[in-house]
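*Asks:* In order, the protein sequences belong to chains P and A.
Start counting the first sequence at 1; every next residue gets the next number (the working numbering).
Start counting the second sequence at 1001; every next residue gets the next number (the working numbering).
Hints in this document: simulated from the structure, not taken from any laboratory.
Among the hints, a few may not be true.
Every beta carbon over 12 Å from chain A, so not counted as near; a handful from chain P, in silico [as the list claims (entries may be wrong)]: (1) Thr16; (2) Gly62; (3) Gly99; (4) Ala164; (5) Gly285; (6) Thr297; (7) Arg305; (8) Gly443; (9) Leu499; (10) Ala504; (11) Ala510.
Think about it this way: if two alpha-carbon atoms lie no more than 25 Å apart in a straight line, the pair counts; the simulated DMTMM-like pairs of lysine to aspartate or glutamate are [as the list claims (entries may be wrong)]: (12) Lys1083/A x Asp1055/A; (13) Lys1083/A x Asp400/P; (14) Lys1083/A x Glu1278/A; (15) Lys1145/A x Asp308/P; (16) Lys1050/A x Asp400/P; (17) Lys1083/A x Asp395/P; (18) Lys1323/A x Asp1313/A; (19) Lys1083/A x Asp50/P; (20) Lys1330/A x Asp1313/A; (21) Lys1065/A x Asp336/P; (22) Lys1050/A x Glu1295/A; (23) Lys1063/A x Glu1297/A; (24) Lys1196/A x Asp1352/A; (25) Lys1063/A x Asp395/P; (26) Lys1065/A x Asp400/P; (27) Lys1063/A x Asp400/P; (28) Lys1330/A x Asp1161/A.
If the Cβ cut is set under 10 Å, some of the chain P residues that face chain A in the computed set are [what the hints assert, rightly or not]: (29) Thr309; (30) Ala313; (31) Phe315; (32) Phe317; (33) Leu330; (34) Thr335; (35) Ile493; (36) Gly508.
Ideal Cβ positions, reconstructed from N, Cα and C, are used throughout, including at glycine.
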Amino acid sequence: MDRHRAAVTGGARVRTALLLLVPVGFFGVFFAYPIGSILGRGLAPGGSVDLTPLTHVFSDPGLRGIAWFTLWQAAVSTVLTLAVALPGAYVLARYEFPGKRIVRALVTVPFVLPTVVVGSAFLALGFQPSLGAILLAHVFFNYAVVVRTVGGLWSHLDPHQEEAARVLGASRRRTWWSVTLPALRPALVAAATITFLFTFTSFGVILVLGGPTRSTLETEIYRQTTQTLNLPLAAALSIVQLVAVVALLVGTGRAEGRRATALGLRPSAEVARRPRTARDRAVVGANLVVMAALLGTPVAVLVARSFDTPGGAGFGFYRALGSVRAGSVLFVPPTDAIRNSLVYALVATAIAVTVGGLAAVAAARTRRRVVDGLLSLPLGVSAVTLGFGFLIALDTPPLDLRTSPWLVPIAQALVAIPFVVRIVGSVLRSIDPRLREAAATLGAGPARVWREVDLPIVTRAASVAAAFAFAISLGEFGATTFIARPNHPTLPIMIFRLLGQPGAQNFGAAMAASTILMALTLVAVLGIDRFRVGELGTF
Amino acid sequence: MHRLARLLVALSVAVAVTAAVPGAGASTRSRAKSDVTITLVTHDSFSVSKHVLGDFTRQTGVKVKVLPAGDAGAALNQVILTKGAPIGDLLFGVDNTFLSRALQAGIFETYRSPRLSAVPAAYQLDPKHRVTPVDHGDVCVEYDKQWFAQHHVPVPTALDDLTKPAYQDLLVAENPATSSPGLAFQLATIAHFGTKQWRAYWSKLRANGVEIVNDWNTAYESSFTAGGGNGTKPLVVSYASDPAAAVYYANPPKPTVSPVGTLLSSCFRQIEFVGVLEGTSHAKEARRLVDFMIEREFQADLPLQMFVYPVRDGTPLPAVFEKYAQVVAKPLTLSPTVIGARRDRWIEQWTDTVLR
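Pulled out of the complex, with its shape left as it was, chain A reads as follows (with noise of 0.2 Å):
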């Protein structure tokens, strides 16, 4: 009998410790308050300081509660999903690549904020403001300077040498399928070459032993030899912030050079947006930290953060971004609605062209 006392013991523990089950009890105590709680509905790659979220409570009396959804893509489809009945205030994360998407589905309301003045015009690609700019990065060809520097191989300047004999088995890349800067990868080819010749340029990159795994952190820390793991393959698409983030990253003593360098001419840019959620029942406060968002404060906050650029012009990077990371000054583009018409038909094309 007294392993059922035992048993029935341990039973009612766990469902008394129930009542202390992480967070159960917040929507309660958020309401006992008269201040409001809003919802950033996001991508597991979001990040700001505590003490800049801090600032915003205190400015305008209102809380914020982050909501990491999945990826990018599995976080606007959630929220797509879920128009009507929201399980959010605002959505941060939709960059040019998924925004076709997300406009089509009319999960955004209007609000143009006074402070988009101080954001280009260039990161604006809404013309009707249902989506603010926030910050930008961009998805390139990265290098191992150590590895270039001991086999006494030049380091690639355009996309046309790594098709060539020197670099044959060197480059790891995303499948676009499955992988955000896969999918950027292949825009920048396309966006290079054309819409008529980039699945030639593809074909030589296979011919040339382009490897492709199915995520960045796979293709980062197990393929790249400056990665993780004990890797093979000294060029990978990753981001132009990596050089800023192996060094900000690496186990002290922290280098003082950079072991990654970028292949500048292989950028695709991505520019992430934030909206406020149609059906919101706090439009004035989720407008308030679409406000807050490109402001100086956030701005200057994002790059340690999620290790982007800001949109804001004028705004201060980290000694670390200033000494380490290149600026792409001519990243390659294509307008959303191009994306988002033939995203899915581009990937298709890809998928014979490079896997089968």
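One chain only, chain P, in its complex shape (with noise of 0.2 Å):
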């Protein structure tokens, strides 16, 4: 008996090993590898280790106030994000209304805009540079992040559990405490470390929307990296960063690995109810209008900016965007751009669906959570250092991707990977294993197990993951921006070669490039949505 329990699990290492041997290798050569390049070739410019810069970053008051400025500020931007999106993931998850479905995707939209675009929309509707206006614009940005990988979850909570416990007496605040939030935790501390990782290395909304006075690390190493050239001190900086996001991973680690609790999860449909009471009226419609105008309003305005021609409202900058600039060398058409766009997207989200599932199915095995922390490290690392790291890695054939265009898809799935570990993860994790039991006692075979219980699961999440990293790549515009690239661009790249000259055509021509990915946004998100049609209740 005890042998044949010791070849399961050796077994079972195995496969964990195999099924690993994807990501880690594609962590290992995309990640690690160029980190550790530019990394070296900072600290060791002639081989041996010098370390005197990183002692700078905590002898310099100024270093040490971008360090710390930095890291507050994301917590802040966390805690409000939290605090703004959590009630409109609850009425998204739990209940139906008319426009239900197209709202859920229209939060999606801002997380996909370049941030200067958004910068200037808020500058438009009278913020000034200030502390106020970075947390805003975080919130705008990160709002999707919540009510995606935490609506995820809580769309399919069996109400009944917090019905039981108000009927044994559990006050509304009790049922919350004890019953909602522990079963929510892995996707709350998913969600709520994704915000702080992508708030964290916050780049264009600091360096808009903060003003000069105001760095963080992440604009501190682009400084040294791309202007000053003191690679050393760049080094540094982005081992603190690296060191921050480490901690931050551990941490979250053990808070999510504390309680992986199976629960019994329903298909949405089940668990949704129309707002019945006068109460739940007010609670659905308190949250629209808090969408309406954190969410709606900045997208408003580049909307109307985009038609708003000396004329009157009209198409002229949309027709302007296939005229201007037409003879250049560099001009493509908007219909290339868009197309670029999308097939980077499908390229990134392939790749990121296929290692991001293969780590999020073998990390469930393990229960170790090294492995989600470890795909979320590129998230909290500077674009520009991966940028550089691409550029002087990967610089030897077969592996001369400097220039090449996989490099784009690859930089982008690195953004989106950790987006899939997490959100297949917690599903894959939320199992009841007596589901796997009652399969197997009924005489199914591990395999058969997998694909009977497992695999529904997981292909559900993942297709709701692939939303996500699609629209990531469509609006990823950090570690695309640092390394060269040929000349296809995608939208983001149009839009910020069109800012770059000044002239009102440039400009209504860029708010119209913008409203373009909106759309593209809303209309993929759409489409991804529909896949899961089906969801959990079908098996």
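Make the complex out of the two chains shown on their own, each in a separate frame, by following the hints.
*Replies:* Here is the structure:
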């Protein structure tokens, strides 16, 4: 019996190791190696390691201030985002109302917008560069992270558990703290972690809405790498960034790991109900108002500007998109930029779902959070460090990818993989083991159990994750900015180029391209959300 | 099961499409033909007419791949970091504020183009000819003509005016630590007031309410009254070619008078260079492109593509430049060596004076 069990776990270990082969290989070649190379170039330029720049970061009050500001603005942004977006996630998970599907897709739109464009919309709304503007923009960008990650789980939590608690005399508050919150915990921690990492490495928002007196580690690394070429200092700052991120990931891994509850998951159609009471309607209404004000207003500014031609509202700027600078060797028609964006996003999504899906399945088997944490690192590392790392590391055939178009979807996939791992992982861990045991008792072999129990759930979670990966890739503008790229511009790059030129036509055309990007995201997310039909209930 | 099937189909379609990643097959395609392709590494603002580059290929049989690699600083630093295994054959877009770093890093091969005789010596800043000047432009204070007319305020004429009460809270400038026009304007004040007095000038500007933003785009499109948004600053640090660009890129019907004017005494000259990268295996073809870039056709194409001025003597300017942009006769300058040696310290001092 014992020997039999040992053989089983031994086989499981081999299978887990095999599953991990692809994610670990991908991560090693496209993350660890490039980052290691650029840090090595900075801290050991002559071959011997010199850590004095690292001590500067702690002794120089300016740099210390930057590190401290980076940390606390990210913490405050995360708390604010959770506070504002959790009620929204609740409403979208638990209530059924007309237009819900489109609202859920609409809240994803801000997520893909280039920060420069959003920054200009906030300034146009009368915000001055300030801490408040930074925090608000961070909530704007990360609202969707919470709604999608937490809402995804919430919409499947069996409401009977809460009802049982209420029947047994627990107050609303007690039910929330003792029943709902523990059940949501893995998704909550995941959403908080991702939001923190995004805001911790925030770049465009800080530059445009922070003004010249506010720097973060990310903006300082950018400056030291691209402007002053102080690689030792840039490497030191990157290491501080990395250490902080690793500490955070270890901490949240523990928080998540302390309780991997098997949950009674239900089809979302059974969970959601129409708002019946006045209280229900007030909750739904209030959240829709918040979404409209917070997410809708800046978006509306951009859309309005794209139609605001001198002769009145019209499609002039959309036409200009195809004609302004048409003779330039770097010009592409907007249709090509859309196609490039879609193709890159499709490739990046395929990579992210494959690599992240395998990692999530393997991670769920080990119950260790090392994989989640490791694969989340790219979110917490400076885009410029990664971009320059690619440049100096991937320079030898067959891996001379420095000017290859493949680098773009690979960089985008690195950002998307953590989402896939967390979304798929948190659902996988919530599968009631009794389901598997029941299947096994009924005579299913391990492969069949996996196929019948785990796989349908993985597939569904993977499609949610794919929507996110696709959106990330459509809007990704970090690492792709800092790698030399052949002339196949995506929509964000097209917007960026237009904004680099003076004149009303360029500016209007940039707004038109932003509006197209938003529409594209909306359609893509709606389409991928449709993949979820069937959901949990059909097996 | 059908859901799995659908996902698998979707994934395999995605993988099939990867074969069509834009340009993924480009290298094999160009190898199949006998002619050579050279790569021009440059910054994101680079542009040239398709037909002009096409003429180069027709004349020489050499194809050119343009590789934008971030802003001017990022593009240069990428080339410096890949010295030894260059990502291209030439680098265009190093300007006089970054020139000494590029030369010290030894990234360029020496090449003296025979066409250089048509380029005034004032632009030839490297006596060893590791780089060749291609274009020049000027960073100046620009003003919104309509605003000054409506508010009955005289247009400023000198840098000193900007510290006067009449111009309080009217100017937006960029942070030299993050913006190339920002740095150029700081250098203008150093060239004008001298290394001893420039900080005092900035203290006065600060007291007079100068707004500092991190990038040109925010300054021009969000803060400037004649930019894209509802800005409140009628004075902005930008380029002397803006008056021409503002007409050229205006929404039709095009205005007959440019909405933007230039404070001519505030201008700092920027010169952009091209150089053949050390370690290229296509030195001959790359040199030919350097020649081409200072020939008449390429030079005449520059103004409307990048809104800069040609360096070649006697190159005709487009009508929109002749009519609306003012030529900066006496720009402020500093030698690249001096800039290279003191840039970082100057930026730190500026930060102490203006931001802290």
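*Asks:* Please go over all the hints and tell whether each is borne out by the structure.
*Replies:* Status of the hints after comparison with the structure:
1. Thr16: Consistent with the label, threonine 16/P stays out of reach of chain A, its closest Cβ about 21 Å off (over 12 Å).
2. Gly62: 9 Å, violated
3. Gly99: Given that every Cβ of chain A is farther than 12 Å from that of glycine 99/P, nearest at about 26 Å, it holds.
4. Ala164: 32 Å, holds
5. Gly285: 32 Å, holds
6. Thr297: Holds: least Cβ distance 15 Å, greater than 12 Å.
7. Arg305: Check fails; 8 Å does not lie beyond 12 Å.
8. Gly443: For glycine 443/P, whose nearest Cβ neighbour in chain A is about 19 Å away, the distance exceeds 12 Å, so it holds.
9. Leu499: Label violated. Min Cβ-Cβ 5 Å, cutoff 12 Å.
10. Ala504: 5 Å, violated
11. Ala510: It is violated; alanine 510/P is separated from chain A by about 8 Å at its closest Cβ, not greater than 12 Å.
12. Lys1083/A x Asp1055/A: 30 Å, violated
13. Lys1083/A x Asp400/P: 15 Å, holds
14. Lys1083/A x Glu1278/A: 8 Å, holds
15. Lys1145/A x Asp308/P: 22 Å, holds
16. Lys1050/A x Asp400/P: With Cα atoms ~28 Å apart, lysine 1050/A and aspartate 400/P exceed 25 Å; violated.
17. Lys1083/A x Asp395/P: Distance of about 11 Å is within 25 Å: holds.
18. Lys1323/A x Asp1313/A: 19 Å, holds
19. Lys1083/A x Asp50/P: Within the cut-off at roughly 22 Å; holds.
20. Lys1330/A x Asp1313/A: Roughly 17 Å separates the two Cα atoms, so the pair holds.
21. Lys1065/A x Asp336/P: 18 Å, holds
22. Lys1050/A x Glu1295/A: 16 Å, holds
23. Lys1063/A x Glu1297/A: At roughly 17 Å apart (the allowed maximum being 25 Å), glutamate 1297/A and lysine 1063/A satisfy the hint.
24. Lys1196/A x Asp1352/A: Roughly 15 Å separates the two Cα atoms, so the pair holds.
25. Lys1063/A x Asp395/P: With a Cα-Cα distance of about 23 Å, the restraint between lysine 1063/A and aspartate 395/P holds, given a limit of 25 Å.
26. Lys1065/A x Asp400/P: Holds, at about 17 Å.
27. Lys1063/A x Asp400/P: Within the cut-off at roughly 21 Å; holds.
28. Lys1330/A x Asp1161/A: 18 Å, holds
29. Thr309: 6 Å, holds
30. Ala313: 13 Å, violated
31. Phe315: 12 Å, violated
32. Phe317: 8 Å, holds
33. Leu330: Holds: closest Cβ of chain A sits about 6 Å from leucine 330/P, inside 10 Å.
34. Thr335: 13 Å, violated
35. Ile493: With Cβ-Cβ at 9 Å, under 10 Å, it holds.
36. Gly508: 7 Å, holds
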